[in-house]
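Chains as they are written, first to last, in the working numbering: chain W, 276 to 410; chain S, 137 to 287.
Hints are computed from structural coordinates only; laboratory data are not their basis.
Be aware that a few hints might be false.
[What the hints assert, rightly or not] Restricting the straight-line Cα-Cα distance to at most 20 Å, the calculated cross-link-like pairs of lysine to aspartate or glutamate (DMTMM-like) are: (1) S:K200 / W:D373; (2) S:K200 / W:E370; (3) S:K215 / S:D240; (4) S:K243 / W:D381; (5) S:K200 / S:E226; (6) S:K223 / W:E284; (7) S:K197 / W:E337; (8) S:K197 / W:D381; (9) S:K243 / W:E382; (10) S:K215 / S:D165; (11) S:K233 / W:E370; (12) S:K190 / S:E202; (13) S:K223 / W:D373; (14) S:K197 / W:E402; (15) S:K223 / W:E367; (16) S:K233 / W:E284; (17) S:K197 / S:D165; (18) S:K190 / W:E284; (19) S:K197 / W:E284; (20) S:K266 / S:E255; (21) S:K243 / W:E402; (22) W:K295 / W:E284; (23) S:K233 / S:E256; (24) S:K215 / S:E226.
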Amino acid sequence: MKTYRDEVEFARRVRAALDKGAAGLDQSVTRRLYEARCDALRHQAAPVAVLSLAGVGHTVSESLHRHYRGILAFLALAVGAAGVHIWQVQTETTELADIDSALLSDEVSPSAYTDPGFLEWLRHVSEQDDDSSPQ
Amino acid sequence: MIVAAAVGPALAAGPVLALAPDWAELPTDTQQILAPLGPDWNQMESIRRQKWLKIAERYPKMNKEEQGRIQRRMTAWAKLTPAERQKAREGYANVRKATPAQRDALKQMWTEYEALPPEEKARLGASAAKPAVGGPAARPTTLPAVPPPAR
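Next up, chain S with everything else stripped away, as it sits in the complex:
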């Protein structure tokens, strides 16, 4: 029982925490890559820290554009709720299964959507929040089928 009491907490946190150091203990180059996360790092769960450390390992192999995107999106991504992050991962996983033409179409439509006036985007967002005729289940909660690229 004594051994169990000693080993239990170590199993729960010890090995994981050992692989997820505090911000001050990170190497300088890792701190530079993960700089947007610095203020919140020490409050982050150890499993998320480990994930970001693995992303930081992949970072030097990315091209400059990809590196810039990751750093720009890091903070907003970390502030999403776990459910929102999961939803985005599922959406992205579906898009990865799509054909290159469909992915290009999605990219094009996202670019067009981003160019919409803020009030139009707000109207669309409010419209999505309203329950549809026939009940809430009629509204899409994930990406619908992407139209063909010929539009």
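Extracted from the complex, chain W is given alone in its bound form:
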């Protein structure tokens, strides 16, 4: 049964054999190997950054997303409330504009509806008509 010590010895021999082989390689081959290693390391950078979110970063990210979702929901509510408010004001002003433009352009002056003297005179005339009408 192989022990840990045997495995370490085996690894040392393998490394020595690889070092010996590598030393005899052509310079163009070692340069290509070096470039390939650098390229592999560059590609490894991105997965490392993603993996870093798996711990505390992930929790923070989740929290931020929840926070933003809350703000977005509130903003949507606020925009909706603003829309309803504008619609109500528009409806009210349109109704007022309808009646006021008709009232102000009518042949009978708006004063007819607010002049207490005219109201009194109308009442007086109405009473006279009632008195003179046949019983």
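We have chain W already, so just place chain S on it with the hints.
Coordinates of chain S only, in the frame set by chain W:
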């Protein structure tokens, strides 16, 4: 809370004010239509400004007589209290429900009333202000039933 503080005032005034510009920002043709209101425009509440802007939109579709009446009455109307304006609107709304004959009668009676001497009108006004026998509720505060046009 920060968002609420920011959105609250905007809800109260922002969108409304944006639709009710100051006098200097109005187009020239709108200023001409609303000219009688010019001196008081910037002190007017935004909702009233919006109403007048809508009236100004309707103005070009009116005939010359109606346009003249609106411009002549604009200033006096704007100077009425909100309660007086509301009373006039209610009175007018009632008259609009009346028959054409009743409306003609009202028009005729208003013409006759306007022709009365100023002192007679003042006497009628003072008489309306006096409490009637049986209490103040006996006095009419809105237009009474218009007599038939045959008088």
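Hints versus structure:
no.	hint	verdict
1	S:K200 / W:D373	holds (18 Å)
2	S:K200 / W:E370	violated (23 Å)
3	S:K215 / S:D240	violated (28 Å)
4	S:K243 / W:D381	holds (10 Å)
5	S:K200 / S:E226	violated (26 Å)
6	S:K223 / W:E284	violated (108 Å)
7	S:K197 / W:E337	violated (60 Å)
8	S:K197 / W:D381	holds (14 Å)
9	S:K243 / W:E382	holds (7 Å)
10	S:K215 / S:D165	violated (23 Å)
11	S:K233 / W:E370	holds (17 Å)
12	S:K190 / S:E202	holds (16 Å)
13	S:K223 / W:D373	holds (16 Å)
14	S:K197 / W:E402	violated (41 Å)
15	S:K223 / W:E367	holds (17 Å)
16	S:K233 / W:E284	violated (111 Å)
17	S:K197 / S:D165	holds (14 Å)
18	S:K190 / W:E284	violated (96 Å)
19	S:K197 / W:E284	violated (104 Å)
20	S:K266 / S:E255	holds (17 Å)
21	S:K243 / W:E402	holds (19 Å)
22	W:K295 / W:E284	holds (17 Å)
23	S:K233 / S:E256	violated (30 Å)
24	S:K215 / S:E226	holds (18 Å)
Checked against the numbered hints given earlier, this structure breaks hints 2, 3, 5, 6, 7, 10, 14, 16, 18, 19 and 23; the rest are met.
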